[in-house]
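One letter stands for each residue in the lines below.
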Amino acid sequence: MDTVKPKKDSLKKPLLARIRDNPNKSLYVMLLPAVIITLIFCYVPMYGIIIAFQNFKPVRGMFGAQEWIGFTNFSYIFSMPDFYMALKNTLIISSMKMALGIIVPVTVAILLNEVRISAYKRAVQTIVYFPYFISWIILGGIMIDALSPTTGIVNSIISFFGIEPVYFLANKSAFPWVLIISEVWKNYGFSMILYLAAITNIDPGLYESAIVDGAGIFKRMRFITLPGLAPMIALMAVLSIGQLLNAGFEQVFTLLNDSVVETGEIIDTLVYKMGIGSSMYSMSTAVGLFKSLVSMTLLSFAYYVAYKKADYKVF
Amino acid sequence: MKKLFAILLAFAVVTGISACGGGGEEDPGNTNIPEGPFGKYEPGITLTSVRDIPNPAVVKYPDGDDVENNVWTRAIKEEMGINVKYEWTVDSSQYATRLNTMMASKQFPDFFYLTASQFQSLVEEGMLADLSGHYDKYGSDDLKRVYTEGGDNAIKSATVDGKLMALPWISMAKEDTQMLWVRTDWLQKLNLKMPETMDELIDVAIAFATRDPDGNGKNDTFGLPVNGDTYGGLMWHKGFFNGYGSYPLAWVENNGKLQYGSTLPGTREALLKLQQMYKRKDNTIELEFINKTYFSLYDKLATGKYGIVYGPYYIAISPLQGVKTRDPKAEWKPVPLLSKKAGEIPKVQTSVDVAGYWVVSKDCKNPEAVIKLMNYWYEKFYFNKDTAIYEKFVNGPEYTGIYLNSPVISYRAWNNLEAYMQVKDVLEGKADKSTLGPIPLDYYNGIKKYQQGDNDSWSAQMCYEAVMNCTRLYKDKNLFMNDMSYFAIDDITAQKFAVLQKNEREVFTKIIIGEYDISKYDQFLSDFDKLGGKEATDAINKWYETQK
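Those protein sequence lines, which keep their order, are chains A and B.
For the record, in the first sequence the residue sitting at position 67 is 67 according to this note's numbering, with numbers rising by one throughout.
For the record, in the second sequence the residue sitting at position 2 is 1002 according to this note's numbering, with numbers rising by one throughout.
Pulled out of the complex, with its shape left as it was, chain A reads as follows (with noise of 0.2 Å):
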């Protein structure tokens, strides 16, 4: 069904008959559902934000005299004696993250475009779709094994070639890493056959008139198929920058122990040690809060470069 344009003139009608006349009405009921949902969970909710500013003890009620306490909640957070330690770890951690959480898929997919046997390019693609599917848990339990200075199966191919086992979990130099290529490892399945998709969709005559203009296979894939992903890749980028400030908690949760912690540690497991399991309620709304605002900002100035500089438009 095609949007009609409500006719100027119509704005002067009193309302029952704007609504009458309006020949989108049916979309805007089916519209209203997924309105009244967006409003009860994520509008309402909303609201429990003040929590953070208060001392909120539960039985003094959620509508109740709650206690005041301005901003100690933030103060008591940025003043944690490791907080900045936690803060340099995530956005660390989440950077690297993030840009090998594009540079990897992309790389990937334009090489699997090139693989001209089906089969083959679909078995690799459901492989590394695979552990997408995994759950840090069990993940976590499995790296663990993988990675024993004693059993595992990286030391022992380490030390086939004649290295010292490392302890990758115990090493404070090594452990950020194992924790980047591991997530990347885990989901990059899942970004790649997004660029697949978006590769699909670059028009087949540019590929055949550069093969006449005699463009090699990397010419094409310089020139075509990354130009061809940029509106994808910026898209994931702006996409993934809100996220900065999550760097994992299930993954880092699982597989942080005492001894690396100057480099392990992130926010999320941070507040987690101080108190979050024991219903400090208004201290992890404070670090929602202060989280989101963080998240918004950056996501609004990624929003804005990629609109100014790429000329690249989500809504």
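The set of hints was computed from the structure by calculation and includes no laboratory data.
Given the structure is predicted, the values throughout are model-derived calculations rather than measurements.
Wrong hints could be hidden among the right ones.
[To be verified] Here are some chain A residues pointing at chain B (derived, C-beta under 7 Å): (1) K57; (2) P58; (3) S148; (4) I163; (5) V166; (6) L169; (7) L256; (8) N257; (9) S259; (10) K273.
Note that CB positions come from ideal geometry on N, CA and C, so glycine has one too.
Assemble chain B onto chain A, guided by the hints.
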């Protein structure tokens, strides 16, 4: 914008109305309170409550029964005239969250159980009924005996400004204290004697890790189990710390004042010994313990990879029975904790014997009925000698764990010790088997089965030996170091303490794996004072003075 506001307002009104709905039901209650601890209400009364659903793996119901309608609820209605109605029931993992939500909506049932900090906040808000008079008047003699047999801490912790504001849920903390378990068949095989000091224990641990005690030709055994979570789990090595006079995580009395147990002088030596053991890199302490969960440790114990473990008497049932089932030649011996000096038993770490609190809403019309429910529970669960009643209310041949359906539950500080003492008399021929109540009889039958050659009943015999050799000794010589932190510390202190304990775990773990030198412990001590530990200690001692 106006419309949006109207919708929001509508929501507020709707939720507001439903929040008020709970208090509306007026129940006149029964002013005619029957005399005595077991008098029946005529006409019957209704009490509302909320509860978690007992673990379905343990509790099975006959057709048509469930947690809201079962042997217990029917018997209570019939014999006591009390009809218990649950406003909601929820899986036990959800109980705490659901309870907080309920508290936020201010809809309280007549009675329910909660944790110490929740109890504290409800008292502060004045939501609870004063039970002092009712407890004195309607509490049965057995109830009063049970509540004080483990010391007066339980009642004290439920008393605020001289008023009894809750019935404590007594736990078995003193019977749960740790002892040292050693594989004696491994000792024999390696020609070692039973360790009597901490140093000898460490030597045995090294031998168990390096000299292939299970004789399978593989280097797959370990010395001392150390849990990667550092603290936590049934078998974490706190007994090892206790051996050096250190009481991690507990607030213990030292020279008349309370002190945080991880700052006691013995901690340094315990950490140093652990560091030396780890430094050997021969699995005296498992090399990768920091990545291993409690379950991994449990698994290794059950499959016979360890010959030393700290734990309470009932680890004989699991995981140690698993070792015996795999290898009938395996022999474990439980002994009291060791210290640096042979023959000197250190005090063993224990907590206050309260697992939670049963509270009564101030709006409840018949607060004394909850005391009566508790009387009823203790009579049926502990003081009954009739096997038929035991099988109906506690554990039947067909349905197990029936007792978990009682609307109120609380245990006894010394029930198992008492039961095993009775068993001992029968085993030694001083008393007749017919004098045993259902619980000791169960224990007795297990031991007899083992003596007749049933390898799977080995744990019954070991539990008996462990309680006789260790728990009884701890009690007779009063070797308990009580954790006195059952009071609710205020939020600011709690937040500061979270920082301190995080720091503690990191420093201790790094000292054990040798990344930090032991001198870091001295820095930990000074950091502890600087980061709020001193304030916390002062606050706690101020509270402690009022308790004396």
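So, going through the hints one by one against the coordinates:
no., hint, in the structure
1, K57, "6 Å, holds"
2, P58, "4 Å, holds"
3, S148, "6 Å, holds"
4, I163, "18 Å, violated"
5, V166, "13 Å, violated"
6, L169, "5 Å, holds"
7, L256, "10 Å, violated"
8, N257, "4 Å, holds"
9, S259, "6 Å, holds"
10, K273, "5 Å, holds"
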